[in-house]
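Colleague: Chains as they are written, first to last, in full-length UniProt numbering: chain A, 1 to 276; chain C, 1 to 437; chain H, 1 to 288.
These aren't lab readings, by the way, just hints derived from the structure by calculation. Treat the hints loosely; a few may be bogus.
[To be verified] Calculated pairs, DSBU-like style, for lysine-lysine (alpha carbon to alpha carbon, straight line, at most 30 Å):
(1) A:Lys106 <-> A:Lys182
(2) A:Lys106 <-> H:Lys7
(3) A:Lys182 <-> A:Lys10
(4) A:Lys9 <-> A:Lys104
(5) C:Lys313 <-> C:Lys258
(6) A:Lys132 <-> C:Lys313
(7) H:Lys140 <-> A:Lys182
(8) C:Lys258 <-> H:Lys7
(9) C:Lys282 <-> C:Lys313
(10) H:Lys7 <-> A:Lys104
(11) C:Lys224 <-> C:Lys44
(12) A:Lys264 <-> A:Lys9
(13) A:Lys182 <-> A:Lys103
(14) C:Lys282 <-> H:Lys140
(15) H:Lys140 <-> A:Lys103
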Amino acid sequence: MARAISNRKKIMWTALSWGIGLLIFFPILWTFLTSFKSEATAISDPPVWFFFDWTTQNYSDVLERSNYPLALMNSIIIAVGSTLLGIIIAVPAAWAMAFVPGKKTKDVLLWMLSTKMLPAVGVLYPLVLIAKYFGVMDSRILLIVVLMLINLPIIVWMLYTYFREIPGEILEAARMDGAGLKNEIIYVLTPMAVPGIASTILLNIILAWNEAFWTIILTTVNAAPLTKFISSFSAPEGLFYAKLSAASIMAIAPILIMGWFSQKQLVRGLTFGAVK
Amino acid sequence: MTLKRNLMSTAVGFGLAAGLASAAMAEEITIATVNNGDMVRMQKLSPQWEEATGNTINWVVLEENVLRQNVTTDISTGGGQYDVMTIGTYEAPIWGNNDWLVSLNEGMAEDWNADDLLPAIRGGLTVDGTLYAAPFYGESSMVMYRTDLMEAAGLEMPDAPTWTQIREAAAAMTDRDADINGICARGKAGWGENMAFLTAMSNSFGARWFDMDWKAQFDSPEWKETIDFYLGMMNESGPAGAANNGFNENLTLFQQGKCGMWIDATVAASFVTGADSTVADKVGFALAPDNGLGKRGNWLWAWSLAIPASSEKQDIAKDFISWATGQSYTALVAGEEGWANVPPGTRTSLYENADYLAAAPFAQMTLDSINSADPSNPSVQEVPYTGVQFVAIPEFSGIATQTGQQFSDALAGNQTADEALANAQSIVTEEMEAAGY
Amino acid sequence: MATEHSKSSARLMIAPAVFVLLVWMLVPLCMTLYFSFADYRPMRGTFDAWIGFGNYASFLTSSSFLSSVMVTLQMVAGILLITIGGGVALALLLDQPMFGQGIVRILVIAPFFVMPTVSALVWKNMFFNVDNGLFSYLWKFFGAQPYDFLSQSPLLSIVVIVAWQWLPFATLILLTAVQSLSSEQLEAAEMDGAPGYSRFWYIILPHLSRAITVVILIQTIFLLSIFAEIFVTTNGAFGTRTLTYLVYQRVLESQNIGLGSAGGIVAVILANVVAIFLMRIVGKNLDT
Numbered sequence: 001m002a003r004a005i006s007n008r009k010k011i012m013w014t015a016l017s018w019g020i021g022l023l024i025f026f027p028i029l030w031t032f033l034t035s036f037k038s039e040a041t042a043i044s045d046p047p048v049w050f051f052f053d054w055t056t057q058n059y060s061d062v063l064e065r066s067n068y069p070l071a072l073m074n075s076i077i078i079a080v081g082s083t084l085l086g087i088i089i090a091v092p093a094a095w096a097m098a099f100v101p102g103k104k105t106k107d108v109l110l111w112m113l114s115t116k117m118l119p120a121v122g123v124l125y126p127l128v129l130i131a132k133y134f135g136v137m138d139s140r141i142l143l144i145v146v147l148m149l150i151n152l153p154i155i156v157w158m159l160y161t162y163f164r165e166i167p168g169e170i171l172e173a174a175r176m177d178g179a180g181l182k183n184e185i186i187y188v189l190t191p192m193a194v195p196g197i198a199s200t201i202l203l204n205i206i207l208a209w210n211e212a213f214w215t216i217i218l219t220t221v222n223a224a225p226l227t228k229f230i231s232s233f234s235a236p237e238g239l240f241y242a243k244l245s246a247a248s249i250m251a252i253a254p255i256l257i258m259g260w261f262s263q264k265q266l267v268r269g270l271t272f273g274a275v276k
Numbered sequence: 001m002t003l004k005r006n007l008m009s010t011a012v013g014f015g016l017a018a019g020l021a022s023a024a025m026a027e028e029i030t031i032a033t034v035n036n037g038d039m040v041r042m043q044k045l046s047p048q049w050e051e052a053t054g055n056t057i058n059w060v061v062l063e064e065n066v067l068r069q070n071v072t073t074d075i076s077t078g079g080g081q082y083d084v085m086t087i088g089t090y091e092a093p094i095w096g097n098n099d100w101l102v103s104l105n106e107g108m109a110e111d112w113n114a115d116d117l118l119p120a121i122r123g124g125l126t127v128d129g130t131l132y133a134a135p136f137y138g139e140s141s142m143v144m145y146r147t148d149l150m151e152a153a154g155l156e157m158p159d160a161p162t163w164t165q166i167r168e169a170a171a172a173m174t175d176r177d178a179d180i181n182g183i184c185a186r187g188k189a190g191w192g193e194n195m196a197f198l199t200a201m202s203n204s205f206g207a208r209w210f211d212m213d214w215k216a217q218f219d220s221p222e223w224k225e226t227i228d229f230y231l232g233m234m235n236e237s238g239p240a241g242a243a244n245n246g247f248n249e250n251l252t253l254f255q256q257g258k259c260g261m262w263i264d265a266t267v268a269a270s271f272v273t274g275a276d277s278t279v280a281d282k283v284g285f286a287l288a289p290d291n292g293l294g295k296r297g298n299w300l301w302a303w304s305l306a307i308p309a310s311s312e313k314q315d316i317a318k319d320f321i322s323w324a325t326g327q328s329y330t331a332l333v334a335g336e337e338g339w340a341n342v343p344p345g346t347r348t349s350l351y352e353n354a355d356y357l358a359a360a361p362f363a364q365m366t367l368d369s370i371n372s373a374d375p376s377n378p379s380v381q382e383v384p385y386t387g388v389q390f391v392a393i394p395e396f397s398g399i400a401t402q403t404g405q406q407f408s409d410a411l412a413g414n415q416t417a418d419e420a421l422a423n424a425q426s427i428v429t430e431e432m433e434a435a436g437y
Numbered sequence: 001m002a003t004e005h006s007k008s009s010a011r012l013m014i015a016p017a018v019f020v021l022l023v024w025m026l027v028p029l030c031m032t033l034y035f036s037f038a039d040y041r042p043m044r045g046t047f048d049a050w051i052g053f054g055n056y057a058s059f060l061t062s063s064s065f066l067s068s069v070m071v072t073l074q075m076v077a078g079i080l081l082i083t084i085g086g087g088v089a090l091a092l093l094l095d096q097p098m099f100g101q102g103i104v105r106i107l108v109i110a111p112f113f114v115m116p117t118v119s120a121l122v123w124k125n126m127f128f129n130v131d132n133g134l135f136s137y138l139w140k141f142f143g144a145q146p147y148d149f150l151s152q153s154p155l156l157s158i159v160v161i162v163a164w165q166w167l168p169f170a171t172l173i174l175l176t177a178v179q180s181l182s183s184e185q186l187e188a189a190e191m192d193g194a195p196g197y198s199r200f201w202y203i204i205l206p207h208l209s210r211a212i213t214v215v216i217l218i219q220t221i222f223l224l225s226i227f228a229e230i231f232v233t234t235n236g237a238f239g240t241r242t243l244t245y246l247v248y249q250r251v252l253e254s255q256n257i258g259l260g261s262a263g264g265i266v267a268v269i270l271a272n273v274v275a276i277f278l279m280r281i282v283g284k285n286l287d288t
């Protein structure tokens, strides 16, 4: 805003926003704090905030009991793999829909979105039987394909809405210069499309990272990602809040950090055509 | 069928011979297990087996519900992802009957003494003389109570209390201002949660799930009495969030000193007297209550290791199971972690071991509880099924979880006992008809 | 404008996406359809390939079906209400001048990165638990009786958990929309002496309508299939059994694949009804 803003107003907004921001963030902060407590401190009455014997015992317990590096590796490979595969398939499709729309384009797009509504558990047995038939149970490639298919409609939709905002005149100008479809894509449109693609990639990495039905059912050891790793630490016998917190932090920290560093890119293209 | 069985067992025999021949070859096996304390300990000690045999283990340690979801999908599709699965007394006979599990009658290590297993536990894992799973630890249920609170209330706990005595003691111990609840019991919905407790309890009230024609019995006066008693006692003396409390929530409460009594699995004994407990030196044990009808409200369960028929490494799996459920494993745990921490409730020899009896004040009570459970005659009345706190039919887990939700809802005060019973009756009737009974 | 050549190459470009989604739709869906007409109960060793519409009849007439549809609708509506109401408020707030805007934005979007299982576990155990949850301490601090959220207000508890996860998503999309609102428009309104609420009502909200429809559409698609949050917190007890969860119970807990498959098909049909309904609204909004 161009006009001068009184400092008092600014301070007021700052206080309010910080308060609400911290409130929303609080569950994560509390999990983080709890992960450094002993099990007994974690449920002490009244709760303790910062002044307790900080310990990393929970983290070493969790590391000792499970194969965290493998789970982390699997999460990364599956999330990134399925997203990239989805992008490769979706970019041409979204492109064509946005720039060469036909009569059926809208219907195709809506139909794609509707496949997303297939309730996972309804196709559980068929999918497990198919996976077993091809001998790909507990393999990364299976999860990459399945998660790609689940998220493909969202990827196509997101790219389509982004591409549509690229002004058509630029294309026309390029065509007048005699550029072929190939050159048109490489030199004119790709640079303009990059922010949208980047943000689509980020959003889908998050969605794939957090998918917690198929990743648990279709894996055992070799392809088991962090969602399955967490299941080892929920509700065992005895006190478990501190260890659960440590495992939770280990599972969400990588994606959280990635999200924070890339939030500008994420936000830039995350409009789904919401803004004209 | 018999011919197939014979062929199969011959094949297994050959397989065993081949297995012995190739024992030097290092193999990888995948084991699915629950994240309970005893299993986590097994995982921690397993490198000893790995070193001795040269094989390696892939552990899949999961929370109970997720574990079930995984192994059930695997076994019913013949997935073959696991070489050893941790299952319970409910699954073992049903899966064994479907030929989904490998017989453990032969091929186990020589010093793995099947005759040493407690008869009640072994019987629950056997179908037509074939043992389908090896018990890792066994449990019944019993009363754990706070000796100091009983004393303060001027009461004495008999070794074999009645439900009325329990209810009175609970009311006497309850002091909600001091955050002490007289009775803690399962309220969380689930066939293995509140329905395990309630079914076992209903047995002692003379109730049963089905009559001899497989007709649901939730409209019987015995069930009404059971549920009324349960809700009445829990409302008088139970903790605030009882409807969400399962084994683990109650364990935490008891360890924090917030329960006067807790009726639950016998394995809890080593936890409430263990290091995490603030009341470790004030705990007494008694048999599960009865109602003067000749049956006690205690159950019978064994977390057991089984080998799916789809496993390709059955001999190595058997070798591992022999190790994990054998007597030498008990000695190993005793040496590393003390006698109180050995997996209880599976072997006669353990209850004859003077060291164990000295270290575990709850040993005798556990053994008596296990021995007094009778899966083939669970209730006062005649029943067409086996199983104490469950009915050993495949439909049970589904219908009992749904009925459990009704009773959990009643405990939360969202509906009355009569509504819960009527709903349970119609759910069970509907599902049993659909299942063709 | 588009030449024949570019049209055919466009078709070629769409083909892979359509093809894989068709396979994904058709193969598991056809198998589910096939199972839905079968009596398939692996635990009993039963497989009878054709029993007509028996599974559909018993799924649709069972007492749990209608209530599960209602629960699903209530849950989705509740979450949408919170995320959109909160999202609009947050978006407007974050648009105000303040110190450390970047950091506040990071704090606000953080829940979106937390996997559903983790957030359900954390909320259930560390906040809602009546004995050791933070809310109980808070209640006791103010002298109130601890409240057992998960059994007394189960639906609301789950709505809160899921809304917490989706609030950042709504906020981000709405924030972009708020920022695109030209300040001249607002200033002009201010000069005309329009009070704050009417500025909101007549200028800001209409401007956001398109973004709100988009948020409703995208979130509904995800919310119709909520599973982990229910599985972890109540296991479907206390009237929190959604249609997805009912299908899960039929397939995995009761091991009745035929019945569960019929339920799955019913769920797909209902989801598509909702989808078409939504598309109508959104389509209208997006066409322009």
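Colleague: Is the hinted pair Lys282 of chain C and Lys140 of chain H satisfied, with a Cα-Cα distance of at most 30 Å?
Modeller: Given that 30 Å is the threshold and the Cα spacing comes to 28 Å, the pair holds.
Colleague: Starting from Lys313 of chain C, check that the Cα of Lys258 of chain C is at most 30 Å away, please.
Modeller: violated, 47 Å
Colleague: Does Lys106 of chain A pair with Lys7 of chain H here, judged by a C-alpha cut-off of 30 Å?
Modeller: holds, 16 Å
Colleague: Measure nothing beyond the straight line between the CA atoms of Lys282 of chain C and Lys313 of chain C; if it is 30 Å or shorter, mark the hint as holding.
Modeller: Violated, because 48 Å separates the two Cα atoms, which is more than 30 Å.
Colleague: Measure nothing beyond the straight line between the CA atoms of Lys182 of chain A and Lys10 of chain A; if it is 30 Å or shorter, mark the hint as holding.
Modeller: violated, 51 Å
Colleague: Keeping to a limit of 30 Å between CA atoms, is the pair of Lys9 of chain A and Lys104 of chain A held or broken?
Modeller: Cα-Cα ~52 Å, so violated.
Colleague: Checking one constraint from the list: CA of Lys182 of chain A to CA of Lys103 of chain A, max 30 Å. Satisfied?
Modeller: Since the Cα atoms of Lys182 of chain A and Lys103 of chain A sit roughly 24 Å apart, the hinted pair holds (cutoff 30 Å).
Colleague: So if I understand the rule, the pair passes when the alpha-carbon distance is 30 Å or less; does Lys258 of chain C with Lys7 of chain H pass?
Modeller: violated, 73 Å
Colleague: Is Lys264 of chain A close enough to Lys9 of chain A, meaning Cα to Cα at most 30 Å?
Modeller: Holds, because 26 Å separates the two Cα atoms, which is no more than 30 Å.
Colleague: Keeping to a limit of 30 Å between CA atoms, is the pair of Lys224 of chain C and Lys44 of chain C held or broken?
Modeller: violated, 46 Å
Colleague: Are Lys140 of chain H and Lys103 of chain A close enough, with their CA atoms no more than 30 Å apart?
Modeller: violated, 63 Å
Colleague: Between Lys132 of chain A and Lys313 of chain C, does the CA-CA distance stay at or below 30 Å?
Modeller: Holds - the C-alpha atoms of Lys313 of chain C and Lys132 of chain A are around 18 Å apart, at most 30 Å.
When held up to the earlier numbered hints, the structure conflicts with 3, 4, 5, 7, 8, 9, 11, 15 and fits the remainder.
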